[in-house]
Amino acid sequence: MIERLGGDFGAVLLVLGLPVLLGGLAACWPPRRSWPIVSFSLLPLLALAWLAHLVLAQGGQTWHIELGSLTLQWRANGLTLLLLLLTQVITLSSAAYAPAYLLEEIGEEGKQLWLWPLQGVLTTSLSLIWLAGDLLTLYIGLELMGLAAVGLMLLPGRVDALAAGMRYLLLALVGSLAFLLGVALLLGAWGRLDLTGLALAAEPGMVLWVAVALLSAGLLLKAAAFPLHAWLAPVHASAWTPVSALHASLVVKGSFFIALQLWLVLVPEARVAAWLVGGLGAAAVVWGGLLAWRAAKLKDVVAWSTVSQLGYLLLGFSLLIGTTPQVAEVAWEGTWLQLAAHSLAKAGMFLATGNLIYSTGESHVSGLAGASRRMPLSLLSFGIAAISLIGLPPSAGFTAKWLLLHASLEAGYWLWMAALALGTLLSAAYIFRVFRYSFVEDAEPLDYRGVPWSMELCALMLALASLLLGLVAEWPLMLLRAAGGGA
Amino acid sequence: MSQAWLPLATLATSLLVVPLIFALPERAWRARTALNLGAAMIKVVLVALMVWGLYQGESYRFSFTVVRDVTFLLQVDALGLMFAGLSSLLWLATTVYAIGYLEDSPNRKRFFGFFSLCVASTVGIALAGNLFTFLLFYELLTLSTYPLVVHRGHTKALNAGAIYLRYTLTGGLVLLLGVVALHVMVGDVSFGEREMLADLGPEAHGLLTVLFLIMLLGLGVKAALVPLHGWLPRAMVAPAPVSALLHAVAVVKAGAFGIVRLVYDVYGIGLTYQLGLLTLLAVIATVTILYGSMRALAQHELKPRLAFSTVSQVSYIVLGISLFGPFGTIAGLVHLMHQGLMKVTLFYCAGNYAEELGVHRIDQLNGAGRRMPLTSIAFTVGALGMIGLPPVAGFISKWYLGMGAVQANMPWVILVLVASSLLNAAYFLPILYRLWFRPGPAHGIGEWPEERHLGRFETSGWLLWPAVATALFSIMAGLLAGLPFSPLDLATFVTAEEYTP
Chain F
0 MIERLGGDFG AVLLVLGLPV LLGGLAACWP PRRSWPIVSF SLLPLLALAW
50 LAHLVLAQGG QTWHIELGSL TLQWRANGLT LLLLLLTQVI TLSSAAYAPA
100 YLLEEIGEEG KQLWLWPLQG VLTTSLSLIW LAGDLLTLYI GLELMGLAAV
150 GLMLLPGRVD ALAAGMRYLL LALVGSLAFL LGVALLLGAW GRLDLTGLAL
200 AAEPGMVLWV AVALLSAGLL LKAAAFPLHA WLAPVHASAW TPVSALHASL
250 VVKGSFFIAL QLWLVLVPEA RVAAWLVGGL GAAAVVWGGL LAWRAAKLKD
300 VVAWSTVSQL GYLLLGFSLL IGTTPQVAEV AWEGTWLQLA AHSLAKAGMF
350 LATGNLIYST GESHVSGLAG ASRRMPLSLL SFGIAAISLI GLPPSAGFTA
400 KWLLLHASLE AGYWLWMAAL ALGTLLSAAY IFRVFRYSFV EDAEPLDYRG
450 VPWSMELCAL MLALASLLLG LVAEWPLMLL RAAGGGA
Chain V
0 MSQAWLPLAT LATSLLVVPL IFALPERAWR ARTALNLGAA MIKVVLVALM
50 VWGLYQGESY RFSFTVVRDV TFLLQVDALG LMFAGLSSLL WLATTVYAIG
100 YLEDSPNRKR FFGFFSLCVA STVGIALAGN LFTFLLFYEL LTLSTYPLVV
150 HRGHTKALNA GAIYLRYTLT GGLVLLLGVV ALHVMVGDVS FGEREMLADL
200 GPEAHGLLTV LFLIMLLGLG VKAALVPLHG WLPRAMVAPA PVSALLHAVA
250 VVKAGAFGIV RLVYDVYGIG LTYQLGLLTL LAVIATVTIL YGSMRALAQH
300 ELKPRLAFST VSQVSYIVLG ISLFGPFGTI AGLVHLMHQG LMKVTLFYCA
350 GNYAEELGVH RIDQLNGAGR RMPLTSIAFT VGALGMIGLP PVAGFISKWY
400 LGMGAVQANM PWVILVLVAS SLLNAAYFLP ILYRLWFRPG PAHGIGEWPE
450 ERHLGRFETS GWLLWPAVAT ALFSIMAGLL AGLPFSPLDL ATFVTAEEYT
500 P
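Protein chains in written order, with numbering that gives the first Met the number 0: chain F, 0 to 486; chain V, 0 to 500.
Because the hints were derived from the structure by calculation, they are not lab data.
We treat Cβ as the ideally placed atom computed from N, Cα and C, and that holds for glycine.
Each hint should be verified, as a subset may be incorrect.
[Claimed, not checked] Partial selection, computed: residues in chain V whose CB lies under 8 Å from chain F:
#	residue
1	T64
2	N106
3	R151
4	L176
[As the list claims (entries may be wrong)] Incomplete in silico selection of chain F near chain V, CB under 10 Å:
#	residue
5	R372
6	L376
7	P393
8	L419
9	A427
10	R435
11	F438
12	G469
13	V471
Could you put together the complete structure from these sequences and hints?
This is the structure:
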């Protein structure tokens, strides 16, 4: 079945298989503490190290898998490694956060067992997306990811969670349907699904445009891109904290990644269309910021800020497609750094938000009045993550914004510079609105619950990672350049 | 990369203190005090070492690549050391003062944590070797001062904090746009590599002028240039040590220092002069000096009057650098130090009156000289220095400003100096008159708004000695200006570097 199996394919299988395996194990023997999770999670990290060693030593790798008449194509390059590492680190943190959270906040319930295998499936499906080199694998990954995400959202089991989860399922299915239609059109027209082959075979024309439009619409819906973002905040409102962290930081990124790959392969010269997507991004930056600013609930602030931050990524479309190589080179690094920065910061911020809600028992922003008197660590983590979201130095968000500004300026896209600037100010506005409440001195003394240290630590680590990544941004970017990081 | 550790260690002294302070419990007063004072003293020693090394011809550099061709660069030059010296010295004094001022008040842990972060940012600004690094610490300064401004937590403080953020974050953003644009144009410019912009040729001059204006706009917010000064008087709601730090070293000075860097070390004074931007700076400075003084005259409370006086005084620095010629440069740089010393003294004293006597308004100060003689002497020294009377440091600044005006062939600047000195006198002398010559509660007429007896002396020693020390420094900087290592000597050193290619 698998042509050119080779020893190196084992690394890929381990990277893909271990998360599901560990998730299954955890469902049988649910972990009560964080340290077993951390130590077992070293296994997939080791597998990833193996894969990284291969890719760095021998350059980008491609594998062909024959399934009957179909050929699947998987590949690994610098970008794949970066995204795999990001996925594993964030999943690890969110999993390490979960035992104390489940024990203290959720209590004993049978349903929580499902958290572990679903997380495993989610990680595997994301890894599959990062590795995929053909549309079928991408579709499988996308579908698996969507289902696992819906499952995770349904876990709380309350009516609002069910309603939100069902709406999410419906949207995910609509998105998948659009994607599948696009894939079918491409298969019908050119008879192949691997991206490298399609890049050569596809010719501009009506079919290609309709296919790309369908694919993009489905993916952008799943990525909560403006104006298809309205489903995002209600989904987070009732979800468990570690699930929210995973969803906001990774799941939406999966769809974005696929969309960008497809555009680069199928329509690399579609300057006007990419500019339109960039325009959507600029609108998302502003509109998401405004929504976050107006939000009354803490979790909604964080959720709407995701819409705004995804706008920065959508700007990347217009900077990468149909621009000069110099611009594209800077924008390429800026986009992936922004993705990494936002993933780490948003996961850290969701965990910190969960801690704040846990310790104060208040889900509204105004409930934080006077919180800084106790100087809880969660507030600090929230703040550190916020630095990256606003894009203030020395965070990764800042470095990414620097690169995006650099690219916009070089491309002459003044409007994008304005959007980036406005986004910065809006995010400062919604973040400092939260902090303003925390500094209120004449508030009622709050009734604090101490937060378990493992929950504090996970949030702090992610936030710190997003902060310090800004100073050492050269490392991930070197990875991106070293091993054939291009699309 | 010779001796990279010294600038790093200087930065680390206050940066590493931050997590330690946050880790200590609120009630660990002694440990926190020891930590603060210890770090402050180590920093003074480290900066002194670097000053000594610089005179010996040592160079200190630390750099690594952040992304693409952007580098994080710490680099020690005479100008940076002047600012680092000022901030480390005043940090020590202000730490002592703040410990006394905040005794028994809540949230001290939070205060001192962000206080240290604020000083770390200031030192980072001083040692930054290129615009990127400068920007990094410039923004960190905004973040670390916000919790200090809103420290009291009442509505007025929170509103002031919001306004402060609105101004400074927007300013920082504008600066970022300018820095990125300059970066796209010429790449990484280390401070001191002036020829990079000068070599671009006349066709780039239009763009360079625009970028200069953009960056000036960003820096001018913190330097409180009119009309970007609105945040400063409102930020007066902060506790006295914060106001002292904000006005004398941290925020306002960071802006002024940035403008100095921009003119001398990025564009170069020659190019700035060629572009005709020096005249613009001179005009902005003049307007700010006169407007600030007028507004100061109209204030009835002590701290707002000092705040508007800061608006006016900081622009002397800008005025100095806008005068083309060595004397103007010396005047601007030396005032960077002198204004810090004198202003911090005045704010300490204002805090002392408020703490010991509950006095906030100027008309409540009658006869306070008798009740608090040392504080009042310190205040008098600071005020006379601001007016520009010898032998206080302020005289040196004004003297060199005058000479610089003659050298730059801009005699109208002397008129501005005379007018502003008269205005300074008009808003400071009435206070001195009230302090020393009007009978008040100390003479048995009326009583103080809220008198407390905080210590053995006229007030708590923690509050008194920093004020006396900085007042002494202000006099010494004036009297001993001719000696090596004095601010004037350092400024002359920098200027010599600037004008000899």
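Results of checking the hints against the structure:
1. Here the hint on V/T64 is kept, as its CB sits about 5 Å from the closest CB of chain F, short of 8 Å.
2. This hint holds: V/N106 has a C-beta 6 Å from the nearest C-beta of chain F, less than the 8 Å allowed.
3. Hint on V/R151 holds. Least Cβ distance to chain F is approximately 6 Å, under the 8 Å limit.
4. The beta carbon of V/L176 is positioned within 8 Å of a beta carbon in chain F (closest approach about 7 Å), and the interface hint is therefore held.
5. With a cut of 10 Å, the hint placing F/R372 at the interface with chain V holds, because the nearest CB-to-CB distance is about 6 Å.
6. This hint holds: F/L376 has a C-beta 9 Å from the nearest C-beta of chain V, less than the 10 Å allowed.
7. Interface hint at F/P393: satisfied, since its Cβ lies 5 Å from the closest Cβ of chain V, which is below the 10 Å cut-off.
8. A least Cβ separation of about 9 Å between F/L419 and chain V falls short of the 10 Å threshold, and the interface hint therefore holds.
9. A least Cβ separation of about 5 Å between F/A427 and chain V falls short of the 10 Å threshold, and the interface hint therefore holds.
10. With a cut of 10 Å, the hint placing F/R435 at the interface with chain V holds, because the nearest CB-to-CB distance is about 6 Å.
11. For F/F438, the interface hint holds, the least distance from its beta-carbon to any beta-carbon of chain V being 5 Å, beneath 10 Å.
12. The interface hint given for F/G469 is met, as the beta carbon of that residue sits about 7 Å from the closest beta carbon of chain V, less than 10 Å.
13. Evaluation of the F/V471 hint against chain V yields a held restraint, the C-beta minimum of about 8 Å falling below 10 Å.
Of the numbered hints given earlier, the model fails none.
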